[in-house]
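S.K.: Sequence:
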Amino acid sequence: MIKRVINIIVALLGGTLGYALAEFIVRSKMFAIKSTFLLYSIYGVMVLLGAGLFYLMTPFISDKVKRLIDNIDDYVVKQPKDSLVVGALGIIFGIIIALLLSVPITMLNLPSILEPLKSIVTVLLYVVFVSLGYRLSMKYKDDIFNFFNRKKATTESEYVKTEASNLQNKREEGEVSAKLLDTSVLIDGRIQQIAETGFIEGDVIVPNFVLEELQIIADSADDLKRERGRRGLDIVNSLRNSKKIKFRNSRRDYDDTTEVDIKLLKFATETGATIVTNDFNLNKLAVVQGIKVLNINDLANSVKTVVIPGEKMIVNIVKEGKEKDQGLAYLDDGTMIVIEEGKHLIGEKVQVVVSTVLQTAAGKMIFTKLVD
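In the working numbering, the protein residues as written are 1 to 372.
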């Protein structure tokens, strides 16, 4: 397919050159052409001749062009994205310079026989300055990066100082501390419902380095990780668009570490923000450093239904248990209920009485007996 396209382009190029040559012959008045038929014949013959000759050359040209395209593709793939951006800027700059220089040339009044020189010189200008722009931009790309990084660092530094000052002032004035969300709590998703019910007060902050970690997870080759990352990004968008939440994105970052948890701890230390997480290790680190932390799992365990031995309830037995003749049911919050002698009543609603409540690392289990 590519070769066919190249063949057509080469033939059209040959026809165009044939037409240009015919135009040159007619304008130069090398021959006395008095017949209109002869005039059109010259144009037609030269166009067909140019297209035909170039088409015959296409097997050689197309292979060269295809090889060139493949080489360019390989080169582009191997180059870092930032280098490609700098190279593209250099090419654009070269095109602008060539355009400015070619305008006066195209306005020159030359004899008709020298008119093609203007086009040739213009093409050469574009080739030279585009090549020069690319080469110079790639040669000095490190200097260009350093220049923009210094500008960015200055802007970021001013932004960080202002943000830290604002948050500290709010804390000193007795306002509620901002809530700093980590990756785990965004992937979990329950923070959205909790925040919208009004239980989370103050600004809700998601730093850029947390968004970057979510993006890396969302781009993962693993299907489960990719789904979790995308869910986290969806939760961020929902928080941003919610009218009940004071959502803020922060550009604050720390170049001395790549660990997101360490960055969160530094952020919270400097601004007085409260970390909201589901991560057990981050929770422990925050407590050790005296940083206030809210754990969604702790909140969920705190609001589970409280039952006491001797209390009666109606449950729906959904499946059999591990032990003989046991049936299993569940509360609305997911708490497992074990019903002794309930296996034969699967699919039915029965009244039971609580005999024991067992709290384990995995959660709470309620053991019951059927009411006679």
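There may be inaccurate statements among the hints.
[As the list claims (entries may be wrong)] Within a straight-line C-alpha distance of at most 20 Å, the following computed DMTMM-like cross-link-like pairs (lysine to aspartate or glutamate) qualify: (1) Lys312 - Glu348; (2) Lys246 - Asp234; (3) Lys244 - Asp298; (4) Lys364 - Asp332; (5) Lys246 - Glu259; (6) Lys225 - Glu196; (7) Lys284 - Asp325.
These are computed hints drawn from the structure, not numbers from a lab. None of these values were measured; they are calculated from a predicted model.
S.K.: Give a verdict on every hint.
M.R.: Hint check:
no.: 1; hint: Lys312 - Glu348; in the structure: 16 Å, holds
no.: 2; hint: Lys246 - Asp234; in the structure: 17 Å, holds
no.: 3; hint: Lys244 - Asp298; in the structure: 24 Å, violated
no.: 4; hint: Lys364 - Asp332; in the structure: 13 Å, holds
no.: 5; hint: Lys246 - Glu259; in the structure: 26 Å, violated
no.: 6; hint: Lys225 - Glu196; in the structure: 26 Å, violated
no.: 7; hint: Lys284 - Asp325; in the structure: 42 Å, violated
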